[in-house]
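Student: Protein chains in written order, with my numbering: chain A, -7 to 196; chain B, 12 to 401.
Hints listed in this document are in silico derivations from the structure and should not be mistaken for laboratory results. Some hints could be false.
Each computed DSS-like pair below joins lysine-lysine, with the alpha-carbon atoms no more than 30 Å apart [unchecked claim]:
| no. | chain 1 | residue 1 | chain 2 | residue 2 |
| --- | --- | --- | --- | --- |
| 1 | A | LYS(-2) | B | LYS191 |
| 2 | A | LYS5 | B | LYS189 |
| 3 | B | LYS239 | B | LYS25 |
| 4 | B | LYS239 | A | LYS5 |
| 5 | B | LYS239 | A | LYS(-2) |
| 6 | B | LYS372 | A | LYS4 |
| 7 | A | LYS4 | B | LYS189 |
| 8 | B | LYS246 | A | LYS(-2) |
Residues of chain A placed beyond 10 Å of chain B at every Cβ, according to the derived structure [stated by the list, open to error]:
| no. | residue |
| --- | --- |
| 9 | ILE22 |
| 10 | LEU54 |
| 11 | THR155 |
| 12 | GLY187 |
C-beta atoms are modelled at their ideal positions from N, C-alpha and C, and glycine is treated no differently.
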Amino acid sequence: MEGIIKDRENVKKIAAYGLSILLFAAYIGILFSARNPQVSLEYRMYYIEHTLDAWPGNGGLLYILGTKETFSLSPREPGALNRVMEGWSFREESGRWTQGNRASVLYIFPEKIEVDLVLEMEVVQYMQGVSAEVYANDQWIGRMDEETGKQISIPIPKEYLKTDTLVLSFHIENPVSLAEMGLASDDRAPGIMMGSALINRRIP
Amino acid sequence: MRAKMNMLFAESQKKNWNIMVFALLAVTVSRVLFVAVYAVFAARSGSEVPFFDALNRWDAGWYRDIIQNGYSLEPSGHEAGDAANWAFFPLLPMVVGFFHKLTGLEVNLVASTLNTLFLAALIIITFHYIMETRGSAGEAVGVSIVLSFGAYSLYFSMLYTESLYLLLLMLVLYFLQKEKYLAMGIAGALLSGTRNTGVMVVFAVGIKVLVDYCMSTREQKSVLDFIKVTFSNWKLVLGVCLIPFGLFAFMAYLGWKMGDPLAFLHVQVAWGGEIGNPLAVLWRGFRSSSGRDIFLAACGMAGILITGYLVIQRRFHEVALAMILLMIPLSVRLQSIPRYLIGSGVFVLGGADILRKLNNKILIGLVLTCFILFEFICLWYWFGASIWML
Chain A
-7 MEGIIKDREN VKKIAAYGLS ILLFAAYIGI LFSARNPQVS LEYRMYYIEH TLDAWPGNGG
53 LLYILGTKET FSLSPREPGA LNRVMEGWSF REESGRWTQG NRASVLYIFP EKIEVDLVLE
113 MEVVQYMQGV SAEVYANDQW IGRMDEETGK QISIPIPKEY LKTDTLVLSF HIENPVSLAE
173 MGLASDDRAP GIMMGSALIN RRIP
Chain B
12 MRAKMNMLFA ESQKKNWNIM VFALLAVTVS RVLFVAVYAV FAARSGSEVP FFDALNRWDA
72 GWYRDIIQNG YSLEPSGHEA GDAANWAFFP LLPMVVGFFH KLTGLEVNLV ASTLNTLFLA
132 ALIIITFHYI METRGSAGEA VGVSIVLSFG AYSLYFSMLY TESLYLLLLM LVLYFLQKEK
192 YLAMGIAGAL LSGTRNTGVM VVFAVGIKVL VDYCMSTREQ KSVLDFIKVT FSNWKLVLGV
252 CLIPFGLFAF MAYLGWKMGD PLAFLHVQVA WGGEIGNPLA VLWRGFRSSS GRDIFLAACG
312 MAGILITGYL VIQRRFHEVA LAMILLMIPL SVRLQSIPRY LIGSGVFVLG GADILRKLNN
372 KILIGLVLTC FILFEFICLW YWFGASIWML
């Protein structure tokens, strides 16, 4: 009788340790799968890497040539520009200020672009003395300042579009912080207030 | 008074029955008062919202969404469209959803009824836990009054996780105290499926086991011996392994459903706030010009002081829980701190320990009265959708 009880106890022990090992292995497996989530680019950038400023929705970074997008609109409004990355201040009624020395916008095209493009931007305002060098996928494409005006049109050569991705970067020169100008107590340094952006095929 | 309480709840042969009757009575009377407060509120404000709808607002909407539509595939909540219901853990909506389908009754009614029943069970188990760890019927009665009538007790009767979470947490602590490790593991598994901080109870278990080993009369204690003793206890090993089960089951589900097992964590970005220094968050609260921020910071400070007292009392596993459950929310923001303090249990226990130590009847009466009166204010603000209750 004592032997049977001892045997039962041993079976329980073995089952418990076995189950514990199984659970532990399952936890490790789930943690391992969490390292490589199978999610959209938008999800990865917004929720995991925090490199997108607003949630564009799955597939929301996809850009159809000729679509005009507006910086001031809130994320859920049609025509809102939901593809800004780092370097932007909050949305305002008429547009959005670049913030600091670099501001970027990300475009994903349905397929690789094999024609020259043109970037058309509406600038709302330049801070005094501020200018920007504009880059497409890290290649210089143009300049923006008071002299170039508020309706900007900058060609993007197809050679700069090696994949379906286009990162537009604005390298801001001379942004002056609001604190330095005595306009506010914080360190925000606005450069250019952008109103809208549109990319289209370039007509020679 | 103390002798009478000891006789009723500690020495009587019917003590379990007495505790149950006391819990049910406290919960019933306090909930009748809720309805009365709402009747007055509705009469004065002209509100025509039904009682259970007025009670189940804000985050309750997320749980209702899970019950009625399941977990969503894509975020769409909040103004920015980036919030999703997978930030909310599944056990409570599963339980409420089950009874909603079973009875056909309205979700808010089912949720409030179930959570109120959980509260009654919570009071019973907390009573037993206090008797087991403190041996004071008076303290158990005081804590029960705070849980049923006290400030923020309203959260225990709505479609929020407070009731179920604290019930399961106290069950884990109780079974841990009684060294019933398998029951502890099962309660822990349910706890980690109720709220994201639930899994943290595993640290309290680890510390209790370690402290018990250090306090044991074993000769030749060593790290190796501790590992040997711990791992040779198969019930403890399995119990501990069971605790994270709820969390990992939810993670597996999220991984299968939308590709990211950590989606519940990642979606927190929609609620804003970055993880920072909790003391800096507290300090900012005290320096704020907003009365609400100062109040929340004061509550956070009270939480820290109570944790300090638990350290002095050498209740190290409760300290671990208190620190984790206070520092996690405090490292992000002050919002909801009072709710977390009441809903984490250990702070109520620590506060009651302090009052018992002070042994001043007038002070105890004053504190309990303040807590009860404050609950009326909480209810009034809640029904009025005041930002103070966020």
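Student: For B/LYS239 and A/LYS5, compute the direct alpha-carbon distance and say whether it is at most 30 Å.
Tutor: 15 Å, holds
Student: Once the closest CB in chain B is found, is it more than 10 Å from A/LEU54?
Tutor: Holds, since 15 Å exceeds 10 Å.
Student: Between A/LYS5 and B/LYS189, does the CA-CA distance stay at or below 30 Å?
Tutor: 20 Å, holds
Student: Taking 10 Å as the cut and beta carbons as the points, is A/ILE22 off the interface with chain B?
Tutor: At about 5 Å from chain B, A/ILE22 fails to clear the 10 Å cut-off, so the statement is violated.
Student: Would the pair B/LYS239 and B/LYS25 pass a check requiring their Cα atoms to be no farther apart than 30 Å?
Tutor: 41 Å, violated
Student: Decide, holds or violated, for the assertion that all CB atoms of chain B are farther than 10 Å from the CB of A/THR155.
Tutor: A/THR155 clear of chain B: closest Cβ-Cβ about 23 Å, beyond 10 Å.
Student: Between the alpha carbons of B/LYS239 and A/LYS(-2), is the straight-line distance 30 Å or under?
Tutor: 21 Å, holds
Student: Verify the proposed pairing of B/LYS246 with A/LYS(-2), using a straight-line Cα cut of 30 Å.
Tutor: With a Cα-Cα distance of about 16 Å, the restraint between B/LYS246 and A/LYS(-2) holds, given a limit of 30 Å.
Student: Is it correct that the beta-carbon of A/GLY187 has no partner in chain B closer than or equal to 10 Å?
Tutor: Check passes; 21 Å lies beyond 10 Å.
Student: B/LYS372 and A/LYS4: Cα distance at most 30 Å?
Tutor: 52 Å, violated
Student: Decide if the proposed pair is consistent with the structure: A/LYS4 and B/LYS189, CA atoms, cutoff 30 Å inclusive.
Tutor: 21 Å, holds
Student: Given the hinted pair A/LYS(-2) and B/LYS191, is their alpha-carbon gap at most 30 Å?
Tutor: 20 Å, holds
Violation of the numbered hints given earlier is confined to hints 3, 6, 9; the remaining hints are satisfied by the structure.
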